[in-house]
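Please build the complex by placing chain P with the ligands on the supplied structure of chain Y, with the hints as guidance.
Chains as they are written, first to last, in this note's numbering: chain Y, 3 to 337; chain P, 3 to 327.
The hints are simulated quantities; they were obtained by calculation from the structure and are not laboratory data.
Since the structure is predicted, the reported quantities are computational estimates derived from the model, not experimental observations.
Quick reminder that beta carbons are idealized off the backbone N, C-alpha and C, glycines included.
Misleading hints may appear alongside valid ones.
As the list claims (entries may be wrong) - Some chain P residues close to chain Y (C-beta under 10 Å, calculated; not the full set):
# : residue
1 : Asp192
2 : Ile264
3 : Thr270
4 : Arg297
5 : Pro299
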Amino acid sequence: MNKKSPSEPLLSVEHLKMHFPVLGGIFRHQVGKVYAVDDVSLTISRGETVGLVGESGCGKTTVGRSILQLYQPTAGRVTFEGKDLTRLSRKEMRDLRRDMQMIFQDPFESLNSRHTIGNIVEEPFVIHGIGTADERQQKVKELLRRVGLSARARTRFPHEFSGGQRQRVGIARALALNPKLIICDEPVSALDVSIQSQILNLLLDLQQEMGLAYLFIAHDLAVVKHISDRIAVMYLGKIMEYADADTLYAHPAHPYTSALISAIPVPDPTCRRKAEILSGDVPSPIHPPSGCVFHTRCPYAVDQCKETIPELAAVAGGAGDNHQVACIRTGELRL
Amino acid sequence: MNDTPILHVDNLVTAFDTEQGLIRAVDGVSFDVRAGRTLGIVGESGCGKSVTALSIMRLLPKPHGHIEHGRIMFHDQDIATLPADRMHAIRGYGIAMIFQEPMTALNPVHKIDRQLGEVFELHFPEMDNARIREKSVALLKEVGISEARERMNAYPHQLSGGMRQRVMIAMALAGEPEILIADEPTTALDVTIQAQILDLMVKLQQKTGMAIIFITHALGVIAELCDDVLVMYAGTVAERAPVKTLFQHPRHPYTLGLLSAIPRLDNTPKTRLNTIRGMVPSLYELPDGCRFQNRCPYAMAGCSIAPPPLRQIDDNHWVSCYLYR
Ligand SMILES: Nc1ncnc2c1ncn2[C@@H]1O[C@H](COP(=O)(O)OP(=O)(O)OP(=O)(O)O)[C@@H](O)[C@H]1O
Ligand SMILES: Nc1ncnc2c1ncn2[C@@H]1O[C@H](COP(=O)(O)OP(=O)(O)OP(=O)(O)O)[C@@H](O)[C@H]1O
Ligand SMILES: [Mg+2]
Ligand SMILES: [Mg+2]
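Next comes chain Y alone, as it looks inside the complex (with noise of 0.2 Å):
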């Protein structure tokens, strides 16, 4: 471990590590491995929220897919409250995940078409056998109106309700059983920027009253910038800079982070700035660059950076193990 928080974290994931294999030939044998995480470490504390935010096929789905061990991870270790996920049989592990719960991207793939919104929110009591059939449904009522919707939404099917509204319905259901962490995977990508604020401002509040954590994976910065305390820049399964959500945005340390800001477009028209344009495509994670898997894409990569691969660490001058990054050349960059 090589990150402190003033107090025990919640969930720590220490260089974890999840590799795909890749099938071919005719008998459909292992040619090659996806790299889709490699070495990843972080931590969240109580009531906090860390953001992970990178490009599409980063790897940020499969750590949090990882971290609630729906994948079984190649390498590494995932400590919640300080038991190690790993070596959990599958009904500790069952018990655990009344704690830690996940919202997707598109609500309307995660919810069953065919049930009806009380069903679907029902559903987590039902399976952990919590209540009376009534005492259900008053828990449903309720976490119904904490969410916004009216109680009168029970009896309805998700295809009559807007992205939002049924992002809403999965937020319900994940809060039913009290959770302490929430995996919140692209939550509001796929809305528009009227509601997105909407479902933003409920997970705020609702972190405030319930004293929830969340990891938050988004690939827009300005989003996660938002709604963290805490971001980790992913690129190529690896995290590139780890840093307070301000500190991140206004002292970049990484010249992919720096690229990543600058990119962003400004809804402002007389601050027009030349982006910093990355050239070529983010590589494939099957076969990552060698030394930085940034190398080939990084306006300021000198030929060590081919050969050594950066550890994440302390950004000298910085705030100290709240900034980190995976760079050979910190110190030397002006971003």
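Chain P with the ligands alone, transformed into the frame defined by chain Y:
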């Protein structure tokens, strides 16, 4: 700069006959497009951006989609009533379009050389194969595809999302159109790739002087790229203005709401955002009067009686709202 519009859309109404009844997905939309300038059309999902574009291209799904009313003047021809064969000629070297889903517009079973070649054949029937190939490679280079000669032999799925979008742009530019309509060309792309594509479009416009109609739901992209903006809401125009005016002096309550609802990088983290309460009304259950009334913090008694007309309140600044009369 020549100030006469090359495209003048006047009170366009486009309807769909659906099983649940007739809906007007675009209901009284007007705007101008000028050479060398970029008009942004912005608004939330379902507000009629793509239908507006498809109306201009006369590519509405048949038979249930049709232009019910209004004029679409391209120079001195009215596209709204033009015979199909004349429209064919306009598509391509008059007005070309990049569609919202690049994978549906590219044929997955044909290589890039064939797809690009077909576009050239269409516009320049006299061109021979060798010349078409030469032009295709040049155009791929122009849109920033490296190793263009090799990429000619690729299938669409072998290209990244950003490269596919570049191919789409190349196909749209083959006929050297006067107007390029780009329907959410960067929405599916990562921000760093989006930045490349936006940069490319600006450069191509500077070189060719074409006009661009850029459709997006991202206000950031509008601010970055556009000269003029049309804000749409539920099939109607809420506000129309030059880009600086729109961002500095937004007038319609919907525009105000949108601008204050976007998370900005320089916001203080974890503060509440402004929201627009409620939801867009369904096109099947539209209220009488202003379509924004149920969400509007300034709604007055008169708002539910008749739809507010689009009024000019300043130079080139148009708003449809009873707050301004
Ligand atoms: N079950 C799987 N089997 C094989 N490869 C996978 C699997 N799941 C993900 N991958 C690959 O792992 C990489 C990371 O995928 P992941 O879904 O975690 O990315 P992401 O950052 O969530 O992307 P997005 O922003 O598009 O959701 C991708 O290259 C993806 O194709
Ligand atoms: N073929 C069709 N038949 C019936 N209704 C349609 C058809 N195409 C579009 N519509 C309706 O017309 C309205 C406008 O659709 P349009 O595709 O123009 O929205 P948009 O602004 O482009 O949205 P998005 O941002 O999601 O692309 C929507 O309510 C849509 O449901
Ligand atoms: Mg994902
Ligand atoms: Mg559209």
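Where does the structure disagree with the numbered hints, that is, which hint numbers, in rising order? Hint 5 is the one this structure does not satisfy, whereas the remaining hints hold.
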